[in-house]
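Counting in our numbering, the sequence shown runs from 1 upward without gaps.
Quick caveat, the hints were computed from the structure, so don't treat them as lab data. Note that the structure is predicted; figures quoted are calculated from it, not measured. Glycine included, C-beta positions come from ideal geometry on N, C-alpha and C.
Simulated restraints on C-beta separations:
| # | residue 1 | residue 2 | range |
| --- | --- | --- | --- |
| 1 | Lys73 | Gly94 | 23 to 29 Å |
| 2 | Leu30 | Glu99 | 44 to 50 Å |
| 3 | Leu45 | Gln95 | 44 to 50 Å |
| 4 | Val63 | Ser98 | 28 to 34 Å |
| 5 | Lys73 | Leu26 | 19 to 25 Å |
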Amino acid sequence: QQLNRSARQKQSSSVPDPETAPTSLLDHPLTILILKLVIWICGLLFFAHYEFGSVYFLASIPVAVWLSMEEWKRGPGELSAYSVFNKNMERLDGQFTSEQWEKELRYGAASLQ
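Could you build the full structure based on these sequences and the hints that come with them?
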């Protein structure tokens, strides 16, 4: 029985555990970031060759902002950074609201005083 048990332990240890097994290199976030940077630099060099490097650079800024906002969406029930400082979810002084907008449209800007 002792030999049988040790043989089973050797067999089970030779099979890699899926949770501890190494993942693909493309699953690593740093690899993806480096790959994106290399592609962006290649695009910059291509457009710089045709004297559109500055246009490519300036056009890539809003694209980078747009893509960075897409990655960090909050999950359901996850609080925003705003809620950390505003525990009761009260309106801040000077905050523009839909009620204020509607009041301005109906009665003019003088109605807000």
